[in-house]
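Residue numbers (the numbering used here), protein chains in the order written: chain A, 4 to 407; chain B, 1145 to 1548.
What the hints contain is simulated information worked out from the structure, not anything from laboratory work.
All C-beta atoms in this analysis are idealised placements derived from N, C-alpha and C, irrespective of residue type, glycine included.
Check the hints yourself; a few may be wrong.
Said to hold, decoys possible - Cβ-Cβ distance ranges computed for the label pairs, FRET-style:
#1 B:ARG1525 with A:ASP295: 49 to 57 Å
#2 B:ASP1427 with A:GLU237: 42 to 50 Å
#3 A:GLY114 with B:GLY1533: 39 to 47 Å
Claimed, not checked - Covered stretches of chain A, going by a simulated chain B footprint (3 or more residues, C-beta under 8 Å):
#4 54 to 66
#5 156 to 166
#6 192 to 200
#7 215 to 225
#8 253 to 259
Okay, here's what each chain looks like letter by letter:
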Amino acid sequence: MRALSDAALEGVRVLSFGAFAAGNTTAALLAELGAEVAKIEGRSRPEVLRMPAYAIGPVMATEPSGVTNTIMEAALARGTFGLSLDMASDAGRQLLWRLVAVADVVVENFGAGVMERWGCSFDELLERNPRLVMTSLSGYGRSGPRSSYLAYASNISNFVGLTHTWGYCHGTHSDYLTAAHAAMATVAALHRARATGRGVHVEAAQVDVMAAVLAEPLLEAVANGHDPGAYANEMPGALLSGVFPCLGHDAWLALELEDLDDWHALCQVLERPDLDTGDAAAAEAARAELRDAVAAWAAARTHHTAAHLLQQAGLAAGPVQSIEDVWRDPQHRSRGYVVELDQPDLGRRPYPRAPIRLSATPARARRAGPRLGEHTDQLLRTWLDLDDDELAELHRCGAVFQAR
Amino acid sequence: MGRLDAEGEAPALAGVRVLDLGGALTAYAARLLADLGADVLLAEPPGGDRLRRSPPFAAGVEGTDASLLFAYYRATQRGITLAAGRPAALDLLGQLGAMADVVLVSPSRRQPLAGWDAEAGTLSWSRPDAVLAAITPFGLTGPMRDWRATPMVSYAMSGLMHRVGAADGPPLAPPGRQAWDEAGAYAVLGILAALWSRERVGGQVLDLSVHEVQSSKDWLVERYAVEGMDQWGRVAGVGYPPTGVYQCADGPFDVAAHQLAHWDSFLTMLGHPDELSEPSLTDPMVRRELFDVLHETIQQLVSQRSRGELVELGQRAGLPCAMLLSPAEFARDEHIVARGTLVPTPTPGDGTVAMPGPAHRAVPEALVPRRAAPRLGEHNREVYVGELGHTEDELERWAGEGLV
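Looking at chain A on its own, in the form it has when it is part of the complex (with noise of 0.2 Å):
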């Protein structure tokens, strides 16, 4: 149960509400690097992602609890422990708050008013654990008009201009741009609580991190009163930017232009001299012309054959990967991309590696999502030095469940 000592935030205890893509990611990036997290779930409250509907193609999984999980939820909860309580009862509350003394943060991200329901708003908490760093996530943030509204990933695309301005809504984008603000909010609010000695409540509202990541299209909408609407693949200060059918299906190549260099190589590689024009003027002028030759040049040739050619003459341009392009794609094979992890019902399957590769210190998952109340028992042990009378008791009371 001990983290291994090559890991960054080895000794770090975290206690996980987290649920969904962006609670369960933020627990997984601080677990990848050595946190010992729990992830709770109750009894009778399992993890939403752990339900049929969520299943990845035919794989599902039943434990021996009953309690059924998905790959999806596995591949989010990588690298946690499974620790159930009942926040319902008053011995699962009390039970939290033992813990919250000895950990070092708290993770949630449920809707507006549950923490504080169950006498766990942070000032409660921190009256357990003056050190406690307590890390919130939300659609709206806990202050303005809308903070009490429900949202998914996709009401947040809509809301902060995200649709408008892809031209696309997307499920989940924003959950892990907020999970990972988060986590990295979390690991900073570590290092102000060792030096002050006082907790830190961090807030991450997916309406900041979007903002955040959307400075462009924001700046120009509100500095110059531009609305830029839908990109549709045209990057603002590129010379040329697009997507061009290639040979095959569904197959295409992505290309942006950002200087003039880049589109003196460009007409070398399509042999057309006579759209080599060395000016800025005069390429806005041909740039119809260009995108057509472009075009035409790409159509000829498969995704990867068109991208290859154009990075040998130092162009930045890639194929439009598909999910089987990424399982095969070389990079991500040289350098170990897919991992296999273990998981009781789910068996051992791949998954995508830790991306943060310190040299010292590398994020890793150890294992897949554990099942519901799987390492109860022996967290209490370790976090709380319970023996078996008083584990037999929180059993018998139903405070807690230990999956067999």
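Starting from the known structure of chain A, arrange chain B on it as the hints suggest.
The following block gives chain B in isolation, referenced to the frame of chain A:
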């Protein structure tokens, strides 16, 4: 949120010095580090960082200090110029490196860096106890380590973009520079973890590949292993009515009714209209069968309504729903204004522009006062003469040699 501390606290990275030689790829990481209180020194080529030439520009007019994108990414940082690829820069790099706890780099053929050993992935002049963070499109190893990308090309190759867009249209890249921003957030998470374990472990190298960060999302590897080649293709959205986007009298709004109880919430929002009173419609499978006719019926019901009012009613009834806004509408929204998501930010062009503020918040606050991004070479004298102890004459000579 919890208790407010009027005085605020020292930020997480107070006293940490960061040297950034990475340009556009490390810009978002540098911004996050500056927001956490680090002293970030941007060393850019004498001709200026690429983002200085990137729109949007103040008043839409291009100029060295006019890029609002540069003003956004480089706010609060100091800036010097240095031709860091030249062997003659080694001495100065060594002196700068001696002061840096964190060094950000993105070495490439186009952006060479003196002292960088591409085979070993090491820098000759950074301190042994420094965190050396290399953020590159594809990582420091592998057959495509020299490939070039832009945020659009990164997203295209990740496997994510192939699914994004209309079923009969091209794959669509997201607006802005999000693939690179997200990698920046991952990099800072890794840097903070490395700093956390620095006393125990010493310095280390972070090899962060944008490609790996992007491919790690949305279960690409997991899905391919059980489903094979893309079965989903490009899909406009997931779910069935009432999930979807509808045109109200004053603009579009969306509903994400992914749970069973959301149908009731939806009917409550609309005041239980007769058109949707058929009891069999409570079954999501029936609604899926009747997709087109239901979408049309709902569209009719909401076409004369105000979306703001519907969202209020829907949220009160427990329905995840939102307005679909443009960036300008988002920036003006009462919730975003009340939260202060956009903050007045000074620009190097002596103006002040409302820009996205910190991507996360914390209680107690530890806000870093926002300074204007540096003008080209603004801190040359302060750093080279004031901090490194060189003379004005030397500075002038280097300028003549094109070194600074």
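Here is how each hint holds up against the structure:
1. B:ARG1525 with A:ASP295: 49 to 57 Å: 51 Å Cβ-Cβ, so the 49 to 57 Å window holds.
2. B:ASP1427 with A:GLU237: 42 to 50 Å: Hint holds: Cβ distance 43 Å, inside 42 to 50 Å.
3. A:GLY114 with B:GLY1533: 39 to 47 Å: violated (57 Å)
4. 54 to 66: holds (count 4)
5. 156 to 166: holds (count 9)
6. 192 to 200: Coverage by chain B holds here, the residue count being 6 at a Cβ distance below 8 Å.
7. 215 to 225: That given contact holds, which follows from 11 residues of the stretch 215 to 225 of chain A lying within Cβ reach (below 8 Å) of chain B.
8. 253 to 259: holds (count 5)
Hint 3 from the list above is the single one not met by this structure.
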